[in-house]
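So you can see what is in the structure, the chains are spelled out below.
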Amino acid sequence: AQSVAQPEDQVNVAEGNPLTVKCTYSVSGNPYLFWYVQYPNRGLQFLLKYITGDNLVKGSYGFEAEFNKSQTSFHLKKPSALVSDSALYFCAVRDWGLMDSNYQLIWGAGTKLIIKP
Amino acid sequence: NAGVTQTPKFQVLKTGQSMTLQCAQDMNHEYMSWYRQDPGMGLRLIHYSVGAGITDQGEVPNGYNVSRSTTEDFPLRLLSAAPSQTSVYFCASSSQGGGDGYTFGSGTRLTVV
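Residue numbers (my numbering), protein chains in the order written: chain Y, 1 to 117; chain D, 1001 to 1113.
Some clues are possibly wrong.
What the hints assert, rightly or not - Covered by chain Y, according to a simulated footprint, are these stretches of chain D (three or more residues, beta-carbon under 8 Å):
1) 1042 to 1056
2) 1085 to 1097
3) 1100 to 1107
Hint data in this document are derived by calculation from the structure and do not stem from the laboratory.
All C-beta atoms, glycine included, are put in the ideal place defined by N, C-alpha and C.
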């Protein structure tokens, strides 16, 4: 079955340290992978996506993500965290192996990222 | 370019009342959907549409109706509000089969008392 797992409900990082938010997926075909961020009382905003090509994808606000096909992972990273990065982060996948997926993205449960000064 | 516009931003209903949450997009996206977001539950798909005149149920459709008479609009109707429908509702749209991801509205915070 298709699924996305974000194994950590919450990640705490000190400001200036590198951060990683984990995401693993299970799909039947080739995946398109996405990261979204949700700031308090706001809608979800697109951060970055992987479709094909270079396994390291760069996105908004200095974030990047690394696609690892063998580990079926797409972890979100940033070299130096800012307090303003504190938000809820969602990983999602589009499974192109499904015949009747009808635009559906499969969503992870979200990870709350807290950056402490 | 407004993207996805949701109205209202906040709403309080009494149990048994009905209302419509509005969603409009100006990107000519063929796909539109409604999600609800509850604490600890992530995003749950209520209904979706892949084009005008076409709608289908998502994961949690009970108590909600939708219609898609135009490409731009995708209203969500609560038929008889219940406290369990207290939630934040998001509308999202997409094109290219979902390959470009979704564009989300800013949400409607609904409280049913």
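| task | Tell me, in ascending order, the numbers of any earlier hints that this structure violates. | result | none
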